[in-house]
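Asks: Sequence:
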Amino acid sequence: MQSPTRQDTISVFIAEDHEITRVGLRLTLEQISGFRVIGEANDGRLAVESVISLKPDVVLMDIGLPTMDGIEATRQVKEQAPDTRVIMLTSHDSDRDVFAALAAGADGYCLKEVSGPQLAMAIRCVADGAAWLDPGVASRVLKACAVGGVNQAPADVIQKISGSQQTLSQRELDVLKLVVDGLSNQEIADRLVVSVETVKTHMRHIMEKMAVSDRTQAAVKAMREGLV
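Mind the numbering: the sequence shown is residues 0 to 227 in numbering that gives the first Met the number 0, read in order.
Since the hints were derived computationally from the structure, they do not count as laboratory data.
Accuracy of the hints is not assured; some may be wrong.
Calculated cross-link-like contacts (lysine-lysine; reagent style DSS-like; alpha-carbon spacing at most 30 Å) [what the hints assert, rightly or not]:
no. : residue 1 : residue 2
1   : Lys208    : Lys111
2   : Lys208    : Lys176
3   : Lys54     : Lys77
4   : Lys111    : Lys199
5   : Lys176    : Lys199
6   : Lys111    : Lys54
Computed beta-carbon distance windows for the label pairs [said to hold, decoys possible]:
no. : residue 1 : residue 2 : range
7   : Pro81     : Gln30     : 29 to 35 Å
8   : Leu26     : Ser90     : 16 to 22 Å
9   : Gln30     : Met206    : 22 to 28 Å
10  : Thr197    : Gly23     : 37 to 43 Å
Where is the CB? At the ideal position from N, CA and C, for every residue including glycine.
Put together the whole structure using the sequences plus the hints.
Replies: Have a look at this one:
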């Protein structure tokens, strides 16, 4: 299955056992242009069977599903329908759940307090072939990199959040290194003797080239790939 572009309608499957949450997700996505919900399931086993049959572009997968948890369901989906992208959409945010989900093949990880526009961005991002991590989750992965070294997270998780990117210019690499060092846009501007708007422009180009949606994710990928 060819990955959809942002101009195409993205088909979405929702695997969520709480009916109110499931209905809310469907209604939210139906109000955003470019998305079509093609199926729902309230347990993991049914989700796997339905996804294999329906072949959606993206699955929103809860972790705490009955009959089969979302992590195992994700593993089976990726084995049997590898072209389908999976976003964990959950209230679970422990390191164990994050790394287990990504190791199982999840292409994104969102917490349930995500806003509608943020969820839409995450879906489009993974549908386009990139990984997407909730900023809080990305910060935790970044901390794991910094505290435990680049080998602390499982190798398949490293590969998941790495991906490929276009070549960064030397100035963009300079900016990225300062982002990894924890500097704000103003501090980066002062350090490089440029305007804040110039720094923002560099950051926009960096995020586009690295296929990430925020500074933290850019820092994670930079550290994992040895760019800085």
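Asks: All the hints need checking, so say for each whether the structure fits it.
Replies: Outcome of the hint check:
no.	hint	in the structure
1	Lys208 with Lys111	28 Å, holds
2	Lys208 with Lys176	15 Å, holds
3	Lys54 with Lys77	11 Å, holds
4	Lys111 with Lys199	29 Å, holds
5	Lys176 with Lys199	14 Å, holds
6	Lys111 with Lys54	24 Å, holds
7	Pro81 with Gln30: 29 to 35 Å	30 Å, holds
8	Leu26 with Ser90: 16 to 22 Å	19 Å, holds
9	Gln30 with Met206: 22 to 28 Å	26 Å, holds
10	Thr197 with Gly23: 37 to 43 Å	41 Å, holds
Consistency with the previously given hints is maintained throughout, with no hint failing.
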